[in-house]
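Q: The primary structure of each chain is shown beneath.
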Amino acid sequence: MTAPKLAPDAAVRKAESRRGVFTAMPAAIYLLIFFCTPLLIIVAYSFGTRTATGSTRLSGWNFDSYERIIDDLVLGIVWRSFWLAGLTTILCLVVGYPFAYYLATRPARIRNILLVLVMIPFWTNGLIRIFAIRFLLGSDGPVSQASSSLGFGEFRILFTPTAVIIGMLYSYLTFMVLPLYVAIERLDWRLVEAARDLYANGGKAFRKVTWPLTRSGVIAGSILVFIPSFGSYVVPEILGGAKTLLLGSYIARQFGQARNWPFGAALSVVLIVAMLIAVVVNQRSAASELTGSSS
Amino acid sequence: MKTKFALLAILAMFAAACGDDGGTDAASAAADCEPGETDGDLSFYNWAEYMDPALIDQFEAEAGISVEYTEYESNEQMLAQIEAGAATYDLVVPSDYMVDTMRQENLLVPLNFDAIPNVANIGDEWTGPPFDPDNEFHVAYQWGTTGLGISYDAWAALGDEEPTWGWVFDPELSGQVAGGVAMLDDAPEAMSAALKYLGYSIGDVMTSGNEDAIREAGALLKETNDRLTKYDSVSYADDLVNGEVDVAHGWSGGFAASLFEADAYETHVYLIPKEGAVRWVDTMAIPTTVEAVCSAHAMMNFLLDAENGAALTNFVYYASPNEAAIPYILPEILEDPGIYPDAATMAKLEFIPQAGDLGLLIQDLFTEAKG
Chain C
1 MTAPKLAPDA
11 AVRKAESRRG
21 VFTAMPAAIY
31 LLIFFCTPLL
41 IIVAYSFGTR
51 TATGSTRLSG
61 WNFDSYERII
71 DDLVLGIVWR
81 SFWLAGLTTI
91 LCLVVGYPFA
101 YYLATRPARI
111 RNILLVLVMI
121 PFWTNGLIRI
131 FAIRFLLGSD
141 GPVSQASSSL
151 GFGEFRILFT
161 PTAVIIGMLY
171 SYLTFMVLPL
181 YVAIERLDWR
191 LVEAARDLYA
201 NGGKAFRKVT
211 WPLTRSGVIA
221 GSILVFIPSF
231 GSYVVPEILG
241 GAKTLLLGSY
251 IARQFGQARN
261 WPFGAALSVV
271 LIVAMLIAVV
281 VNQRSAASEL
291 TGSSS
Chain X
1 MKTKFALLAI
11 LAMFAAACGD
21 DGGTDAASAA
31 ADCEPGETDG
41 DLSFYNWAEY
51 MDPALIDQFE
61 AEAGISVEYT
71 EYESNEQMLA
81 QIEAGAATYD
91 LVVPSDYMVD
101 TMRQENLLVP
111 LNFDAIPNVA
121 NIGDEWTGPP
131 FDPDNEFHVA
141 YQWGTTGLGI
151 SYDAWAALGD
161 EEPTWGWVFD
171 PELSGQVAGG
181 VAMLDDAPEA
191 MSAALKYLGY
201 SIGDVMTSGN
211 EDAIREAGAL
221 LKETNDRLTK
231 YDSVSYADDL
241 VNGEVDVAHG
251 WSGGFAASLF
261 EADAYETHVY
271 LIPKEGAVRW
281 VDTMAIPTTV
291 EAVCSAHAMM
301 NFLLDAENGA
311 ALTNFVYYAS
321 PNEAAIPYIL
331 PEILEDPGIY
341 PDAATMAKLE
351 FIPQAGDLGL
361 LIQDLFTEAK
371 G
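Those protein sequences? They're chains C and X, same order as listed. Per my numbering, the first sequence starts with residue 1, numbered consecutively. Per my numbering, the second sequence starts with residue 1, numbered consecutively.
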């Protein structure tokens, strides 16, 4: 007699899952057309052949483009990009954590105003904001003028690595602040109070309670900053004077000037796969940590 | 479902890569075009800021068709559009080496010169160039050089000597340029400048496949990298005029436009180094995506008219290959040695040939130079 009792349940579940498929359909179709298809085309091109005039022949499939990636020249560019992305992530974290902490600990009304203020720069196109920074750092810009009127002489920042770091920090800080803000705001402050009641000093309470409980925000923010900065193109080109070639510019160059689409496609594929692995590994470890701490 | 999409995608790709072979049809249609004849609205794909809008209006009024005018920023961008075959452009403006590339890839339609009688206005110098030796696919549009822009102050600091590529490549000279030096972010142009400084002929090195010379120039670029302020192919002239750099490697017309806009003739100047330099010519050509092949011929003929050609040069400040136009060109343009160099300088100018397989080596060396 248990079988007929289960049947309606199963039917309901089935109907529900069918409804789920239908509601997910538009998103799935969208992803298929505008994400999977271009991706497949990139993958196919990465196995193609470049002719002497620079067009791509989609035949005689080969791995030549992938073999070129282990060239010292290319690995040097990858390493430099990795280093810059890492530095950007760390700087964003160092600046962003106290920032987010401050935001999250304000009274609710002020917090919302501050949050809007954080997001306002996003209403302006990123490229325009980078050009604004370029103006600020230029030899005629306010920074240089202030320093020369104070007697420190002309200040040359534009087209140096320092300018690139400033631009990267500025561009990606928000991506770090927002996830951190969410994590810190959700924090149960009674736990911190309990730690203090048990004679933990401020530093220890932070290390033992606040930091572990907000680590999900740190990880999310770091991924959100690291991935775009690894492939960043605009900031090094405009603020760095294109003097050091980074991965994003190098890939763009393959599709433009160098007209080596198979190689550009291969670089993109490797970049995507590497990012995917990093994200999956990160999520796995985050998930195991979560289950580990709850048990 | 998924496999179907993948299949469709791959099919679409092949279609895009192979392109349709519309060239032969268009060529036979072109053979019937009469001078000034039109066969529908014209889609004109040209470089950004490279046209006097009044000329387009005038052509529309005279020909009785409308012109859809769109712009691109680089030869490669234009080429990608034509290769994809998605848009139907009737007329494009490829530079010299790009004519060669497009010709070899069968992306251009042979022209019917009976429909372009004004082609007689083009100077002999511009016919039968290395990139299209039989003059089948192009007519010259505008031309210019790649040299150095400099502030008069920096030039004075360098002792008002004859202009030289040493301002960029000689550490002793470039060290005297207080405001810094910028180079084009363009591998073939940077390589050509280095070759010229080393005393090579660009054409000889490229056509004979002299890799040693190219590597030598690559090493020079690498050595120079640390002393440069920046690489830039877009705002090089504005950077010069705004004082971000004191010496800038760049294209003649770009400097002319920036000097004009900022009224900086008193402070800055464009010069062609004594070792010689790159000259280039942009051309009009009909891509295989053409639909109105006669209209395209009519537009070419219109722009090669003496007065119209002069109007173009008077607007964009590049030199005109149109000899009949010279009486109508503003005297200040004709007298500007940065736009119209004297015969001795002209003799030292060279085209950058389509580098073929050497192109990848040049790109790699430039990448390496940037470190």
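Hints were generated in silico from the structure; no laboratory data involved. In this text, all values refer to a predicted model and were calculated from it rather than measured experimentally. Hints should not be assumed to be uniformly reliable.
As the list claims (entries may be wrong) - Under 10 Å between C-beta atoms, here's a sample of chain C residues computed to sit facing chain X:
no.	residue
1	THR56
2	GLY60
3	LEU136
4	GLU193
5	THR244
Think of the CB as a built atom: it goes at the ideal place given N, C-alpha and C, for glycine as much as any other residue.
Q: Each hint needs a verdict: does it hold in this structure or not?
A: How the hints compare with the structure:
1. The restraint placing THR56/C at the interface with chain X holds, with a minimum CB-CB distance near 7 Å, inside the 10 Å limit.
2. The beta carbon of GLY60/C comes no nearer than 13 Å to any beta carbon in chain X, farther than 10 Å, and the hint placing it at the interface is violated.
3. Against a cut-off of 10 Å between C-beta atoms, the interface hint on LEU136/C is violated, since the closest Cβ of chain X lies about 13 Å away.
4. Because the beta carbon of GLU193/C sits about 53 Å from the nearest beta carbon in chain X, more than 10 Å, this interface hint is broken.
5. Hint on THR244/C holds. Least Cβ distance to chain X is approximately 6 Å, under the 10 Å limit.
Hints 2, 3 and 4 from the list above are not met by this structure, while the remaining hints are.
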